[in-house]
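Q: Listed below, chain by chain, are the residues.
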Amino acid sequence: MLSKKGVNPPSFRKTGTTIVGLIYQEGVILGADTRATAELIVCNKNCEKIHYIAPNIYCCGAGTAADTEAVTDMVSSQLQLHRYHTGQESRVATALTLLKSHLFNYQGNVQAALVLGGVDVTGPHLHMIYPHGSMDTLPFATMGSGSLAAMAVFESKYHEGLTKEGINLVCEAICAGIFNDLGSGSSVDVCVITKGHKEYLRNYQVRNPHADISSKGFIFPKKTEVLLTKVMPLREKVEVIEDGDAMEE
Amino acid sequence: MASSGFQADVKALQKQLAAKHLVSFQRYGRCITVFDLNVADGLHFSFRIYQHQHNKQMSCPAMAQLLSNTLYYRRFFPYYSFNVLGSLDNEGKGCVFTYDAVGSYERVGYGTQGTGSTLIMAFLDNELKSPSPLLLPAQDAVTPLLESEAVDLVKTIFASATERDIYTGDKLEIVILNADGIGHEYMDLRID
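In the order they appear, the protein sequences are chains Y and R.
Each residue of the first sequence is one higher than the last, beginning at 1 in the working numbering.
Each residue of the second sequence is one higher than the last, beginning at 1 in the working numbering.
Calculated from the structure, these hints are not laboratory results.
For each residue, glycine too, the CB sits at the ideal point set by N, CA and C.
Incorrect hints may appear among the rest.
Listed below are the simulated DSSO-like cross-link pairs for lysine-lysine, each with C-alpha atoms no more than 30 Å apart in a straight line [what the hints assert, rightly or not]:
1) Lys171(R) x Lys45(Y)
2) Lys230(Y) x Lys129(R)
3) Lys198(Y) x Lys157(Y)
Derived coverage of chain R by chain Y (criterion: at least 3 residues anywhere in the stretch with Cβ under 8 Å from a Cβ of chain Y; other residues may be distant) [as the list claims (entries may be wrong)]:
4) 164-178
5) 185-191
Whenever a hint applies, use it, and build me the whole structure from the sequences.
A: Pasting the structure below:
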């Protein structure tokens, strides 16, 4: 209603993103870029998009940053309580059900598109969860604005039985998103999850250093320039009555 | 003249002006800055039609007016093109004009257009205290920079704009107009 009168709501911070996941021989590899945008401006050049859900489960998030953070934190807490209750390692299917039922309940208003991956007793799992609550189970997955660029790389180079070279493939896919999608950029984060072990490689590849500029630097004036000073003593305007009542204590 | 906006309209506008035998050059990327440098002597442009009709070279204000008229001609179906025009006037001083999409223009000391213009303009306002040419008594709108300082400043500005604006980046082309002619300089920017 307000937008009709020309008042627009504040823009949300989105993670116009490239996130990927792939299943390889020993487990799951997740990858993400590190740029967060607020419409057309980059608001964070190095944000974390791979969220912790459980020691053996991680989740990449695309969409509205607040939504991905909130929903993954919430499910992570719920799983922790569940682990205390059952005394067993969390399963990816549990996280999956919690996430998608939450998103479905909010009918797509929680704008979180997730790539959930982990290794549990039943083996490695990789799922794509859409904002409205649907999900897909795939050997390789991409989400976010750079998903097409990343999927192109996966479709041409993915094959079953990948070993550690899967990490390079994930990096390539994310880089395709970084260089070709405007909403993705900066560096590549990778998370490798295997049975009983995980490696969170923050800023695994940093390919975009600040362009070389002159080292001279700029001097910014520390104070605001004073253009005009006018002192107006108020005594002229205010009448001070000397015999008045003293103030009560 | 540097233009930002919808590329098809930018090309169409430049064709319109080139048909009048103006030299116009396009700047790549979405973010443009043109500086007003204090240098001597005029630049040699070949404005053949203008020269034939008026028996003199096209002056800087005339060029500015021409661009404005070309843009306003399409007032009700505008060229989606935001321009910055730079040239040397009769005294050999640099002059910079900024335009909106329908031809409103103003002579300034420095100008920016494009998606990253807000990022850059604030920084330039802080660094360059160039007065408005509209002030009375008339003050020189020229920014007090040497050519090398200005080029360095442009490079820094674009590097910074590239960090925060998703549309700005890849490559930077700097065109320098001075007494010796037109010089081009290129610089690589972040490609993400």
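Q: Take the hints in turn and mark each one as holding or not.
A: Cross-check of the supplied hints:
A C-alpha spacing of about 20 Å is found between Lys171(R) and Lys45(Y), which places the hinted pair at or below 30 Å, so the restraint holds. Distance hint between Lys230(Y) and Lys129(R) is fulfilled; the C-alpha atoms sit about 24 Å from each other, no more than 30 Å. For the proposed pair Lys198(Y) and Lys157(Y), the alpha carbon gap of about 24 Å is at most 30 Å, so the pair holds. Using a Cβ-Cβ cut-off of 8 Å, 4 residues of the segment 164-178 of chain R lie near chain Y, which meets the minimum of three, so the contact claim holds.
Look at the segment 185-191 of chain R against chain Y: 5 of its residues bring a Cβ nearer than 8 Å to a Cβ of that chain, three or more, so the hint holds.
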